[in-house]
Amino acid sequence: MKTPNGQRILIVDDEDTLARLMQALLEHLGYTVDRAVDGEKALQMGAQRNYAAVICDLLMPILNGMELFRIWQRESPELAQRVIFVTGDNLGTRTNRFVELSGRPCLYKPFDIKDLTAALDEVTRVHASS
Amino acid sequence: MTLTEPKLEGEVSSIQHPDVEEPNSHRAVADEGLARQSWEMRLVLLGAALAAGCVLYIIFPQIAYFIALTLALIALVAVSFAVDTQQSSWLIGGAVALMHIAWIAFALQFTGYLNSPLLPLLYLVVVVYAICASSAQTGLVLGGAVIALSAQALMMETARSTVLLAVASHSILLIAISWIVSKYMSRLYHAHDTAQHKARQYWQMTESSDNALLVVDPGWRVQKANATAVSMLGNGDGPHLEGKNLLELLQLRHPEGLKPYWDQILAGESVSEIPLTTTGRNGNPHKLLFSAVPVTEENQVTAINVAISDITELSQTQQELKHLEKFVAVRHVLTSLGHTLNNPLAIIRMSIQVAQVIGKEPDWDEIIRQLDRCNATIRGLEVYVEGRDEGVPVANVNEVIRQALLLTKPQLMMTGIELEQDIPAKLPLVRAHRHSLFHSFINVITYVWQNMEDWPGPRKLHISAQRRFEGVEIRFRSTGPSPEPGEIPELLKGLEAAQESQDKFTEMGLPVVYSTVRQAGGQVLVSPNRQESGLLVKIILQAANEEEVEQYQSSHRSVNG
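In order, the protein sequences belong to chains A and B. Read in this note's numbering, the first sequence has 97 at position 97, and its numbers run on one by one without any break. Read in this note's numbering, the second sequence has 60 at position 60, and its numbers run on one by one without any break.
Pairs of lysine to any residue, SDA-like flavour, derived with a Cα cap of 20 Å:
#: 1; chain 1: A; residue 1: LYS114; chain 2: B; residue 2: ALA355
#: 2; chain 1: B; residue 1: LYS426; chain 2: B; residue 2: SER554
#: 3; chain 1: B; residue 1: LYS460; chain 2: A; residue 2: ASP38
#: 4; chain 1: B; residue 1: LYS460; chain 2: B; residue 2: LEU536
#: 5; chain 1: B; residue 1: LYS287; chain 2: B; residue 2: GLU256
#: 6; chain 1: B; residue 1: LYS409; chain 2: A; residue 2: PRO61
#: 7; chain 1: B; residue 1: LYS538; chain 2: B; residue 2: ASN451
#: 8; chain 1: B; residue 1: LYS360; chain 2: A; residue 2: GLU27
#: 9; chain 1: A; residue 1: LYS114; chain 2: B; residue 2: LEU345
#: 10; chain 1: A; residue 1: LYS41; chain 2: A; residue 2: GLU15
#: 11; chain 1: B; residue 1: LYS224; chain 2: B; residue 2: ALA303
#: 12; chain 1: B; residue 1: LYS460; chain 2: B; residue 2: GLU420
#: 13; chain 1: B; residue 1: LYS360; chain 2: A; residue 2: LEU29
#: 14; chain 1: B; residue 1: LYS426; chain 2: B; residue 2: GLU550
#: 15; chain 1: A; residue 1: LYS114; chain 2: B; residue 2: VAL357
#: 16; chain 1: B; residue 1: LYS244; chain 2: B; residue 2: TRP220
#: 17; chain 1: B; residue 1: LYS409; chain 2: A; residue 2: ASP14
#: 18; chain 1: B; residue 1: LYS409; chain 2: A; residue 2: ASN90
#: 19; chain 1: B; residue 1: LYS224; chain 2: B; residue 2: GLU248
#: 20; chain 1: A; residue 1: LYS41; chain 2: A; residue 2: ASP14
#: 21; chain 1: B; residue 1: LYS287; chain 2: B; residue 2: LEU314
#: 22; chain 1: B; residue 1: LYS360; chain 2: A; residue 2: HIS28
#: 23; chain 1: A; residue 1: LYS41; chain 2: B; residue 2: GLY416
#: 24; chain 1: B; residue 1: LYS460; chain 2: A; residue 2: LEU63
#: 25; chain 1: B; residue 1: LYS224; chain 2: B; residue 2: GLY234
#: 26; chain 1: B; residue 1: LYS409; chain 2: A; residue 2: THR93
#: 27; chain 1: B; residue 1: LYS360; chain 2: A; residue 2: ASP112
#: 28; chain 1: A; residue 1: LYS41; chain 2: B; residue 2: GLU418
#: 29; chain 1: B; residue 1: LYS409; chain 2: A; residue 2: GLU67
#: 30; chain 1: B; residue 1: LYS460; chain 2: A; residue 2: GLU40
#: 31; chain 1: A; residue 1: LYS114; chain 2: B; residue 2: ARG349
#: 32; chain 1: A; residue 1: LYS114; chain 2: B; residue 2: GLN356
#: 33; chain 1: B; residue 1: LYS409; chain 2: A; residue 2: LEU91
#: 34; chain 1: B; residue 1: LYS460; chain 2: A; residue 2: PRO61
#: 35; chain 1: A; residue 1: LYS41; chain 2: B; residue 2: MET413
#: 36; chain 1: B; residue 1: LYS460; chain 2: A; residue 2: ILE62
For each label pair, taking beta carbons as the anchor points, the in silico distance ranges come out as:
#: 37; chain 1: A; residue 1: ARG8; chain 2: B; residue 2: GLY416; range: 26 to 34 Å
#: 38; chain 1: A; residue 1: LEU101; chain 2: B; residue 2: ALA227; range: 49 to 57 Å
#: 39; chain 1: A; residue 1: ASP115; chain 2: B; residue 2: SER555; range: 46 to 54 Å
#: 40; chain 1: B; residue 1: LYS360; chain 2: A; residue 2: PRO77; range: 35 to 43 Å
Calculated directly from the structure, the hints in this document are not laboratory data. Where a beta carbon is used, it is the ideal one built from N, C-alpha and C, also for glycine.
Kindly produce the complete structure, drawing on both the sequences and the hints.
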């Protein structure tokens, strides 16, 4: 795994415990991590800082992951290309359809941390080379 | 998704053939009666014309051409028989007018000359006008002309004037008769033509109807049947059903239970959409809806108009739709359940893996909390899959709403539905089985979720509850498409029909809500959401009485203790 060199990651998840665990892991791996509890907060943070990757839950109150992604596709297409979705909705056809159409990687809960770091690695590598 | 069930047995309303509003086939029977009457009337007219001709010949034997005119009149009436339309009344009217002209011509010839030559000319002009004008005007104008002629005759004070007066008085009589006859004939022919036209139109339409339409006599023998009836009831030995007994042709599976309906029809009362099960040609059961309108004459049933719809396919489709409803609701619940379980599982897995990577002890308390969370979800599922209601029929609305939302909230959120709750912390216990009520709430939420799924506008579900008189009212106010005014009665009809469902604990969809709540003595009201476009479902439940509350609490104490 390539050293992250303090690359900034945004975790968007209303599951506070899971978000904290991911933050602890990623900080341990050398990333700088910010957290947002819903899509609206993430929208504000995405406008203020440049993130190497965004780990985004799909199901959240106020503004969910799908709506957030659509806004970024319109207003910040580069940021939209750095999104990694996470979801517990493994059976939902609507979710699957959305993920397929978005073309973004998606981790289905409960996912392995190896899958998380691999997805992060891929997204940040593309980001670093662009 | 709602299903429209056939009307329940015992419900009676006026028959309306599906494809034809008016007239019903009893018009055809009335039409025949009318035709018979009109022929009688024509014979009377013919006889009257002949009698008048004979009388006139006796009085004025020297007038040969008068006889010729009378014959012409008879010919005209005869032609009217052949024409057999409204025109025939005009022909008869024309014949009567010709008779007037004959009388005038006769009077002129007999008197030789008049004081003023313009007067008979004027009289002829008004007669011609009267013939061309409408019947009411004809009567008035001819009457006026006769009065003028009589006045002229009186002024002359000669033997000729006596003849003129005789002509005038006879003309008055003829005018009166012709006016009355023309009025009556006009009405008769108009009614006859209309009935005949509509009857023809009706039978033309019945031939292309998807419903079997028949006319049977009081002995249930088929008098007339359309192509659908032949196809539905014929046994393949020929196209004709005439003379066969309809009740035998139907091959009813349980004929004994239907006798009251047959008696009712023969007593002159209509029946509508009686569900029948018959044995089809292939031996399989067929589901039919039977409607009938008896035709009565002088309080006697002379014929019965019957409409039969084959709903076998519809019934099968309804069953398939019910399965689809079940599937949709189960999918909804399972998807939500998966999501609800996956979050704590992800936390447990992440806790252990992160601890391994970092080299720390996992947070065991957190892991136990997440396990408890999984357990609570599974307990909620247990309520869902319970097969029957047991114990005291008392439920805690707060608890049931919480459990229903546990299984449905993730899916609502995933569809972008904003959920708002306004539920007091402690509502009174209500008289309903927990399991059934839980199913009802899941079904209402699934129903409004489906209603909003493709709605482009704001998606909101507002669940509120409040005490209401001696009970609790729970409101599910959702955005989305509003039902059309005509859809609400259909929806409620579907709900009422489902009340009889034997499959009430496994069936999904809104009808089961109605059934469950009504059995608990409550009410379900469905209406458009008046605040914004959408639907409002209100469930009103009775509060449990003190004795029931005590039983409920003691049973809970024993379970928990």
